[in-house]
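Sequence lines, in order, name chains A and B. The numbering used here applies: residue 13 is where the first sequence begins, and numbers increase by one. The numbering used here applies: residue 13 is where the second sequence begins, and numbers increase by one.
Accuracy of the hints is not assured; some may be wrong.
Just some of the chain A residues that point at chain B, by a computed CB distance under 10 Å [stated by the list, open to error]: (1) L94; (2) G126; (3) Y138; (4) T149; (5) R153; (6) P154; (7) E166.
Keep in mind that the hints were calculated from the coordinates and are not lab data. For clarity, every value in this text was computed on a predicted model and none was experimentally measured. A virtual CB, placed ideally from N, CA and C, is assigned to each residue, including glycine.
2 protein chains.
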Amino acid sequence: MAQSVLLTGAGGRVGRAILSRLADAYEWRLLDRDPPTGEEPGEFVVADVTDEAAIREAVEGIDAVIHLAGDPRKTAPWESVLPNNIDGTRMVFEAAVDAGVEKVAFASSNHAVGAYETDERTPEMYRTDSEFRLDGTELPRPGNLYGVSKAAGELLGRYYHDEYGLSVVCVRIGNLTKGRPPVDYERGQAMWLSHRDCAHLFERCLEAEYGYEIVYGISDNDRKYYSIGRAREVLGYEPRDNSAEHADDG
Amino acid sequence: MAQSVLLTGAGGRVGRAILSRLADAYEWRLLDRDPPTGEEPGEFVVADVTDEAAIREAVEGIDAVIHLAGDPRKTAPWESVLPNNIDGTRMVFEAAVDAGVEKVAFASSNHAVGAYETDERTPEMYRTDSEFRLDGTELPRPGNLYGVSKAAGELLGRYYHDEYGLSVVCVRIGNLTKGRPPVDYERGQAMWLSHRDCAHLFERCLEAEYGYEIVYGISDNDRKYYSIGRAREVLGYEPRDNSAEHADDG
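Looking at chain A on its own, in the form it has when it is part of the complex (with noise of 0.2 Å):
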């Protein structure tokens, strides 16, 4: 029988991506505080990633959680990411915990690690003779404040792991474009993660077995800054596009 899901952020780009390709692949629950535009393949919850027992109950019966839902602004204020980011993400792991949920995939961000990205490094870091990688074991350097609400999320993963079991893959998703790469934009290009990458990845996060990771979601584009290599590792991905082939997954 398919794993039961429960995908927040539903109506998010990540959570199209995600939708379009792995639609029949899981028994979808969606969990989105706008309502569908639509038709959904599973049941739909219109509620608020801060409403606890909204939260509660849309965990109810999962198998696994994809969670997406936060303010996704990169320029997001601190008003909007502590409660919406870093207090819906601390309720979804206690809910999935409470629930007997038993994976979590935490949407995190290239943002948690933004500032590594100094002057002093730029832009020769997003070349493709740079040697320059992050691999997930680095400390966190967020460039903004939505990247500390991610990186607090992480840390959240962390402990719920460590103090009960769960086990969680926290992805720092890189730059979701439908169809082409970003033109002319060479830390874009650096970071690209198609759509039909993106739902392989998720995919493998649903399927594959671990305790707490890190991994970077990115194509295996050849410029690139963030390593691959455990998510190749661990999870099973296999990425089949990259930026430097302008591919169009449509």
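Could you slot chain B onto chain A? The hints should help.
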């Protein structure tokens, strides 16, 4: 002229240890939510760390901040550490930057890395023949939600340093006890911090030059699983006590 220093949480145990030895060394402004019970070595502000207006006023004209305020209980619930430790610490960093403060020494905690003390490692890691060391370059592994809040404070410090150039040192304080170290408690002996070493360490946080640092705050105990190498090297920390010698520093 002596530096002007704002000490938040001045009435707590760490604050008392600092003031008992450094009362005359700085121009102190003391802040605590509880009013003082006796003579104090400086202006005393009674305010909660979550009171934005009071914090902004308290940092005016200040050279450096020692930020100790927050819920100090290792069992503190999320509903307390979220506003008091995470949001409160963010408020202090923000106000410090806006007021042109040069340095902030932030009281982090051994609980930010408490989950490294796994069943497999303990009690061996508490013993003098163990080579196991944490040195501040490892990813946090909080042992409780209090520890999550302290690691989140470290993240905020990283951000305010990278973005605004504020000098920030996070001190993962061990087990501060007055006089003798704990007896019949291996873990407590390994992370003992004497009162005089505590005062000396925070004096070094005020006097040394640094960018962003995470250091461990323990005495030079024979038993230890925290390295004090970074504190020695960057801050010039020279501890004089050792739990194995049952020093009594009064």
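Against the structure, the hints:
| no. | hint | result |
| --- | --- | --- |
| 1 | L94 | 6 Å, holds |
| 2 | G126 | 9 Å, holds |
| 3 | Y138 | 19 Å, violated |
| 4 | T149 | 7 Å, holds |
| 5 | R153 | 6 Å, holds |
| 6 | P154 | 5 Å, holds |
| 7 | E166 | 9 Å, holds |
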